[in-house]
Structures are given as structure tokens and as C-alpha cells.
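Protein chains in written order, with this note's numbering: chain A, -7 to 438; chain B, 11 to 308.
Incorrect hints may appear among the rest.
As the list claims (entries may be wrong) - Derived Cβ-Cβ restraints for the label pairs, each shown as a range:
1. A220(B) <-> G89(A): 51 to 59 Å
2. A177(B) <-> Y121(A): 22 to 30 Å
3. K77(B) <-> K46(A): 33 to 41 Å
4. K18(A) <-> K74(B): 24 to 32 Å
5. G80(A) <-> R97(B): 39 to 47 Å
6. K159(A) <-> E251(B): 44 to 52 Å
To be verified - Some chain A residues judged to face chain B by a derived CB distance under 8 Å, without partners named:
7. E33
8. I189
9. D245
10. A250
11. T272
12. N407
Rather than coming from a laboratory, the hints here were simulated on the basis of the structure. Treat the numbers as computed from the prediction; the structure is a model and nothing was measured. Where is the CB? At the ideal position from N, CA and C, for every residue including glycine.
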Amino acid sequence: MAFEGISSKLQSVFKKLTGKGRLSEKEVREAMREIKLALLEADVNFLVVKDFVKRVEARAVGTDVLESLTPGQMIIKIVNEELTSLMGSTNAKLEFGSKKPAVILMAGLQGAGKTTMCGKLAALVKKQYGKTVLLCACDIYRPAAIDQLKVVGGKAEVPVFERGTQKPEQTVVEAIEYARSHFIDVVIVDTAGRLHIDGDMMEELKRVRDACEPAEILLVIDAMTGQDAVNAAKAFDETVPLTGVIITKLDGDTRGGAALSVRSVTGKPIKFAGTGEKMTDIEPFHPDRMASRILGMGDVLTLIEKAEKAFDEKKAKELERKMRTDAFTLEDFLDQMEQMKDMGSMEEIMGMIPGMSGKMGNLQVDEKAMGRTKAIIQAMTPKERENPDILNASRRRRIARGSGTQIQDVNRLINQFDQSRKLMKQLTGGKLGKKMKRRGGFPFKF
Amino acid sequence: MEKKSWFTKLKEGLGKTNSWFAGLFGGERINDEFYEELEEAMILADMGMDTAEKLLDALRETVKREKLTARDEAKDALIRLIADTVRHDTPFLADQGPCTVLIVGVNGVGKTTTIGKIANLYKQNGRKPMIAAADTFRAAAAEQLGEWANRADCPMVRHQEGADPAAVVFDAIASYRAKGCDLLLVDTAGRLHNKKNLMNELNKIRRVIARELPDTPCEVLLVLDATTGQNATAQAKAFMEVCELTGVVLTKLDGTAKGGVTVQIHDTLNVPVRFIGVGEGIDDLQRFDADEFAKALL
């Protein structure tokens, strides 16, 4: 269940692949196996996974790998795009319809978190939409469910309407009447948790729906739900056509594949996410974030995006040529540093790479030292940058003064640069990747 | 108390989605396609890919060793394999005399309902249960449990909402002694297993029990919702760390979910399933039976 599994696994799939070019059928298929495993581990429904993998495979085969990405990253990019589009767009708006009062009907399995969510939603409607809210207690089965809603209503500071164990379809009508006569804008109806295969209870839900004609029918579903999520969602949607979904307990460490399953079988937008036990722990649902959470990729995607933007393809090619021909200069080095800076601070970048954030520990990248290096190079003349060999003692003294550093700092930089240049010359003889890696991926120590 | 219907009830629940399972085991040949379908079925039952593959490997070996040719035979073999994985023969300590049963789990899995059912079960068997309402966090949790205590006709100790749960347990133990009870059932608030502070609180409750009732054995049962997916394994591991789980209660098995993830949990943590919940009635709690479970699963 390693959280950073997928990117490292994909890396190993593509290890043999040093060149870029196109994604071949065989590579894609191998990668898809890992994707499939990751999705299943995240509890995405098996049939949804099968379908999804087929589609991604069709799209990925033959795709050109973007200049700045590795094949593994390229696959992740494609998978992510498809996942995000499957999750739908952000849609956290509530519809209130034209009828007064507007009714929001909450439904779901037992223990999904409907009652708590009613309170959170009431608080949100009050605060964000500036409307008055009435909570209506229709769970007449679970012991103390009405008491719970009363407490929750108290916390959200909204009135709670209840009629004990009277039939819910009757209670709901009276609640609407009450709301109308008290000029309350929105009635949120809490219903009993029910199994989707319980015919009688599903009929009851239908009767409640018919009695209150809701503007929104929201299915509340636990983020930790497994393969069965699709069955439940489908059954609820068929009984009382849903207008949206709320996913709860997202503050756990589940990858939440149920969200994808539910979205894909019902086609209904996921509007909100419950992220804690406080009344304010309700958030608009972010489909893109969910996509990367399901795959457990940390924010490797953000990294990909940033890399795409920051690395100018031409520059990259030029750099490669220079490295090969030993024409790498301090000027190029400065360029490279600027590009890195565009991507964000080193720590930020490290943090985005799955598996790195934890392991970095005390090993902090010294941003100050990086700034000093930059200052030193900037204090050089263009000629000096092109050809560091001309840097004699007096030039070095001048540079140290100009950059506000010590002459030792200047010496150290030049030594490192020389070594790196030598190293590069050796490496371009063949084993570039290997040795670069050993040195931490970049020829300079910052 | 064995109301004979448990298998029927379970089978009824599981049976509703079982129609295409049934189609799986025709009289046809055992081939790759057959294994693939089996794997799919196991994954759909939330058993997880790793567990499914492991079981399939074992099945392949069995098929070879016993020279099985019919799909029905292979199905029986797989059922046996699954049953063996979840079988256990350690006794449930509450059956043997005075005992504390601590109920833990994430939010909304059915802890409170399970306590009510367990209290009722043992009360019917002539025991004297005492209930500690140590969920002082969730709104109206104690009221809900109080209703169950009434139905089961058992005494219950509760404090105000927001009180220290360990203090509730402490008082309940005093009352348990004074009243001469022989089964202490402790309800706790639902907590997500990745919330450090809440998990530590649980650890404290466990310590209070160990200190106050050092000679009474303690069963720590994790309540798992059968609809839960692969995250259940992470839950079990986390609860194991703070309060030494000794068993699992699998709830909501009357739905279409099969709770296959418990196979994985039993396999990795060696924690047996003790009870299953198959409905909202006070009698809807059954002893876990490995063979029946496996049979109902496939």
C-alpha cells in the first residue's frame, strides 16, 4: 500500500528506456499493468478500471514523449488527464430551484455520515449563500438519530424540525409547511441510512422524494468504500435520480477510488467533500486533486507541469550539445539555475517528488548558497563567464568584492565547475546517466 | 441463540449479486479464462489483487496436484482455500468467563449497534454485561447506546458529552465491580486511524482497562464495515499498533458487499473475525463461520 508506489514502479518499467521518441505498445502495456494495480488498490471498481485502462492504452500507444519528460512521466501525464476528465469538472454549486423553500434531500447507506454532513451543509448554506436553513429529521429508525441531528443543528445554529417516529413522508410535508410560514429558504432533509437492496426502504425514500420535490438529491458516500460503491450508487440513482454526490471521511488515508467509481457509473458531479468532524470541515470537491490522490502520485504531476513550462526545449537541446562538446560555460550554469528557480524553491521541488519529502529529513538544500553562487557568477564579465580559465588572482578578488563573498567562495565555485566540466567530458563518453545519478543528479553542489 | 437462519440470511444478502458468480462455475474446462474470471470475482469482493493472486496460485497447484478437471471441483477447492485462510481455533475469551470487550473502529462502521447486539447475545446466555459509553465525542452517541442498553436490559455508565472517555471507563469498571457483572463492553468514538491524537486516546483507554482489571482478559474488536475497500487493511494495522487487536467484527453483510478484505487482514495480521452483523435488529449478530463465509463469498 505504499503511497509513492506508482511513480517508482513506472520508473522501473521504463528504466531500460533511455531514449525518448515514441511510446511503444509493449511499454504502454507494461505500464498499464501497474496503473491497473494502483487503481484497484485505490478501490476503483474493477469494471471501471478495465474500461479506463483500455482507453488510456489506446491513447498512449504511439504518442510522442515530450522533450522534457521521461516516458514514465509521460504516461502519468496521460493517465492523469484521462482521470481528471473522468472525474468531471469542479461543480460545488448548490441548486435551489424556483420553489420556496428549496429542499435538499440527503440519502445514503448506513454510517456514511449523512447526519453530520447535514449540519455541515446547513452551516455552509447559511454562510456562503446567506440563506436561512431548517434541518428536517427523517431518520426514525436508528436510536437517537433525531437527538444527534438536534445537537448537530445546535452546532450549526439552525433549527431542527422533528415529529418523532411519524412517517417521514408526512414529516417532510409538515417541515416544508413550517419553513414556508417561518420564511425559511432551505430545508435539508436527513434520511435514515438504508441498504440499496432493501426494497421497502428504497420505496420509502421514493415516497419522501415525491412528498418534498427536492431541488437537490445528494448521495452521501464514504470515501473508504470498496468495490461495492458502484452497486449502491447505481441503485440509489435509479430509485431517486441523484443531482450530485458528497464524499465523506476524505481526511483519512484512503486513496478514495470510490469517488471515481461513483462518478463514472452515475455521471453525477461530486459536489462536496467532508474532511473532518468539525462543522466547518466541508470543502468543494476538486476533481483534479482526487485524480492524483487515487493514483498516489504525490504532486509529481505539479512537477511535470512546472517542468513543462520552465524548460525551454531549445535551451535543453543547446545545453545537451554544449555538454557533449565541452563548451559548457558558467553562463550556461547560471541559465540552468534560473530555470530551476522558475520551478520553485529546491525544497518545494524535492517535496513534490513522491518519496523524497520524507527522506529529505535534515538534508536541506541551502538556498542561500545557491544565491551566493549566482551572485558570484553575476559579478563576472561575460568574457570571464565564457572562459573561466582567465580568472587570475586579481580578477577573483574583484569578483569576491563585487558579489559580497569571500575569495574562498569564488575559488570553491571555480574548482567545482572545473571538476564538473571534466566529469561531463568523461561522462559524455557514454555513462552519463549513471554517474550523474551518483552525484545527485546535478554536477554542482550548491 | 443460534437462530439457524444465519447462513440463509447471509446467503440472501450475498446472493443478490451472486447470479453471475453462479454462471462462473459451469461444467466447462479449467482454463486461463476461468482463472481470470475467478480473479475478477475475488477483486470485486474486495479481496484485493495481491490476495486474489496468491489464492489463485494456490488453486492452480491444487488443481494440478488433485488432477481436477471440472470447474465445480475447482470452485470447491477455492472455497476450501479461502476458508482455510480465515479459519481460526482460538476461543473468544468472553465465552470463557469474565472479560472486557473493547470496541474500536473508524466512523460509521456500526460500533454502537454492535455493542447493543453483543450485550443482548450474552445477556440471553445468562451473563451480566455492563456497558461503558466511552464515545463522548459524537453527538447523541450515548443516547443511541442507551437505547440499545434498554433493549438488551443491561446497565450502562455514561458521562456528559465531551468528557474524558478514559474516565468513563474508569467509572464503568467501578460500577462493574459493585454490581458483580461479568462482561464489560466498552464503546468508543469512531476515529480515523491516521489521527494520531485520537489513536493515543484509545491507547489510554486500553491502559486504564489493563490497570484497573489486570486479571480480566481483554478482547479488542475492530468493527469493519463490509463495504470498506482496501483501506481496511491500513485501519487494522493502525489499530493493532495502539491497542493490540484480538478480533474483527464484520458489519453490514446484509448488503451486497462481501467484506473480502477481511481475508487479507486475517492473512497479514492473523486477526480472526469473531462476529458478523447481518441487519439492524438486535438479533442480527452471528458467530463467524469460516466455511459458510467462504461459501457465501463465491
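Against the structure, the hints:
1. A220(B) <-> G89(A): 51 to 59 Å: 57 Å, holds
2. A177(B) <-> Y121(A): 22 to 30 Å: 41 Å, violated
3. K77(B) <-> K46(A): 33 to 41 Å: About 37 Å separates the Cβ atoms of K77(B) and K46(A), which means 33 to 41 Å holds.
4. K18(A) <-> K74(B): 24 to 32 Å: 30 Å, holds
5. G80(A) <-> R97(B): 39 to 47 Å: 44 Å, holds
6. K159(A) <-> E251(B): 44 to 52 Å: 46 Å, holds
7. E33: 6 Å, holds
8. I189: This interface hint holds because 5 Å falls under the 8 Å limit.
9. D245: Since the shortest Cβ distance to chain B is 4 Å, the answer is holds.
10. A250: Constraint on A250(A) satisfied, holds at 7 Å.
11. T272: 15 Å, violated
12. N407: 47 Å, violated
Going through the hint list in order, the structure does not satisfy hints 2, 11 and 12.
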